[in-house]
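I would like the entire structure built from these sequences, with the hints used as guidance.
Chains as they are written, first to last, in our numbering: chain F, 1 to 177; chain Z, 1 to 775.
Calculated directly from the structure, the hints in this document are not laboratory data.
Bear in mind that the values here come from a model prediction, so they are computed numbers and not experimental data.
All the given hints hold, so there is nothing to weed out.
Examples of chain F residues toward chain Z, derived with CB under 8 Å:
1. Gly19
2. Arg34
3. Gln119
Dumping the calculated SDA-like pairs for lysine to any residue here, alpha-carbon to alpha-carbon at most 25 Å:
4. Z/Lys398 x Z/Asp417
5. F/Lys23 x F/Asn2
6. F/Lys62 x Z/Pro25
7. F/Lys167 x Z/Lys12
8. F/Lys83 x F/Glu26
9. F/Lys69 x Z/Ser24
10. F/Lys71 x Z/Asp16
Calculated Cβ distances over 12 Å to all of chain F for the following chain Z residues:
11. Ile280
12. Asp298
13. Asp349
14. Ser363
15. Asp416
16. Arg439
17. Arg663
18. Asn688
19. Lys729
20. Ser765
Where is the CB? At the ideal position from N, CA and C, for every residue including glycine.
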Amino acid sequence: MNKDEITAHVLLAKNGDTGSFCKLYELYYKDMYRYAYYMLGSKEDAEDVISETVLDAFTGIKNLRHPAKFKAWIFQILNTKCKRQIASYIKDRDNNDADVPEENLKEDDHPYASNIDIQNAFSALNDNEKTIISLTVFGGYNSREIARFLKSKEGTIRSSKSRAFDKMSQYLKEDFA
Amino acid sequence: MNEQDIINRIEKEANDLPIPESISPSNMEKMLNEKVKDQDYNSEHATDSIDNTSSVIPFRKRIGLAIAACFGVIIIGSGALTLLKNNSSDKSASDEAVTYEAAQETAGADEAYEEDAQSEDTDADDDSSPDTAAENEDEAKNDNVAAEADDSEESDNIKNNLASSSNISKPESYDDYYDTVYYAYLESSRNRQKALGEFRSFDAEETLNESTAIDSQSDSGIANSESSKSSSDKSYSSTNTQEKNVDEGDIVKTDGEYIYTAHGSDYYTIGQSQQPFITITKASKGKLTKVSSIPLFDDINTQNDTNCILNEFYLYNNRLIVLYGKSSKISGNNYYLNYESKTVIDIYDISNKSNIRKISSQSQSGTFDSSRISDGHLYTVSRFYIDNTIFGNYKDGKENLAGYIPYINDQNIDCDDIFYSRHLDNMNTFVITSLNLSRANSFSDAKSISCSGSEMYVSDNAIYLYGSIYDDIEKTEILRIEYRKGTMNIGNRAVIAGRLYDSFALSEYNDHLRIVATIPANNFAWYSFDAWTDAALSDPGITVRKDINSVYVLDNEMKMTGKITGLAPGEQIYSARFFGDIGYFVTYRNTDPLFSVDFSDPENPTILGELKIPGFSNYLHFYGNNTLLGIGEERDPYTQNLDGLKLSMFNIEDPTNVVEADRLVLHNVYYSSAQYNHKSIMIDPEKNIFGFCYEMEGYDETGDYSYNYYYSTFSYDPKEGFYETARYKINYDYMYDLEDVRGVFIDDYFYLVSPTEITSYVLSSDEQIDNIILN
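Right, dumping it as structure tokens:
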């Protein structure tokens, strides 16, 4: 789908066309799910936030000013939902997935991951770093785009990103040693 | 293991994740369709409106002189673009006449997409023959000869300018306004239809019959902010504002005796989360006593209101002014019309702290955007969305005033107060009200303006609404609204090349608006145009794929009087501040050039000096007589590695030779709200104190990598340089943003205020006095 087609579908979706909306959703939903899964570490919660995101995005799409920015916009909604979900983990200590120390993560917690190293390395990051890495990998954004997305400065993102990669790299090195 | 390896591994892992069937597009579509059905959404209605989009009725009346009037945008925008597409490497692009013709051509080409206005009949077929460019041009001329002349005049200006100014239009009646937005909608819809084939964007300019004259004279204040108030023996901090005489709302305020704090400023879903409130805490020599708690949103209708969000509040002469947004369900058989958003302004009398009374509640359509207090009036901007689903049926839509006419206190805004600029395709309408705070019984004035603005800068004389326009290129539209004692006059608008990093990029002084803007690199056309005007002629070696910076000076009519272009290629503006005739701004790539610009001659701004130092400043503040404080990032000039947060003090005694007098680097600090939100900085140069909060990270004694949050206060001594006077640890609990932490001082006591607690200390010392939990 090229930029113009995306624009056309956004405009149709603004008019309440669920089909067009879902065509757009289809373009990104796999990455959205991966993003949510990595941020939340739970299949069920990832499904929930995706559904909520779709509902909010569909009702809110008439407020989307620049059709070409549909992807960034829906990721923004998803990111907010994930943040809220993480906040509720922290509030509700019984369901504290977000702060699980790495050594407690077992394969049972990640039934779909054959190799949990990379996810453990990922879970060692702080929320901000997780967000930045997820946006880089699943959103395909560069530092400048992430900076605008997170209302931060490009330099800050760039350094957080390189620190996050350093941490993961350190973790993976230790793990293999 | 390098970054790419890690990315590859995450991707590989993630690709192995099975995607649950529950979130497949077809299941989601099912869910949405059910939802839509639940909401009583009339799907036929939607289909209708889509079909109708192919039947286009041109709004020639309104386009009128569009062809000529749009040259500002077109010449700079599509004109230059067309030129480049046709002849991108040809240096003859520097021939202004060529560009002007190209602009005409482009305008004509766009016009060719205008179909004939036959009737109001929405069933008109989509095969009506497109007019030729020439015909349209003729008609435009016939429509308004006077304006045509105006435009030619303007075109002369434009040849030398990077900005265009033009008038704002005004409908004669609600019906007229409806037609305007309706046709604009059809136009954008038609572009959508074209999108699947050949997508063309509509780029004609709307003009108006007449613009409101601006005739009042203004005496300019100094564009500098001093953020402390002193009354005889009492001194206390106040919100750090851009302009000295223009107050900005915030979430923490003090009047020197009490500290007012907002709680639960996050999204509040009615009945589901804790209702937001404002607490009043007496602060007496560090001793804290909670005296009152004001529950907000007390007149919520639990039946219809769905959620609220507290935006900000003000203190003004024993009045507490709270601004919040509210969404409510409204009746109607249209899905989108089921909800409406309002901005509410509640005013409380707080003269008696034990008996706080709400004395007034005003509302305006739209979600909250921005507000200011100046000359005793509150100016509030909200954003109202024209509901384009009403256009499904032309006649029904017209009767549905709620879909396109904003409310002011549940009354449709007066037609005389409706204005629009050319960018109607976004269906963005701004509602601006003024409220006399000493009477506060009703709005003094209200305007509705459809334009691309979204940010606001307020000087002592005028409100400037500005916002980016993204076509193929990034431009900024700036609209001037003059205000005086609560009365607002809509002035002219200008479109400039580039984007403004924030409201500090604008400053009004001596009847001129000074602007610093960055033209981003991906805007090939803009840069080339810029290069064409200036840089390329002098330095053809400059590559076009670079950010470039400009300085503009506009007069009260929003006509450009002077400019400097082609500054700091490859760098972006990170901060700016203006003091009197002199402006300072910081750009960054490898080092931090601090430019000083002399604006004393509005027709000929000149660069006075340039200082290059490593890193950059995100925020600038005049600190004392001849010094300028910068808060920003310390960078290694070779590796670009972030070394920490940097404080710089620039000696600006001689603007042609600015020197960095001192610097202080906070190592392991990579984030501070001071860099992004000026209101989070406490600063009082007179008292020689400033402070802000930040995140410090690193390995602690036990070898764990940890994050800690602090608020530090600093002083500056011309001989000794910077020194940190105190450092306070913040009990940050993840439930609020670090950006919501404020520091306040009253006399010799410092109060660290977070959304959950207040802790008091002796000013510039770690000695804690008291602590109070507020929720």
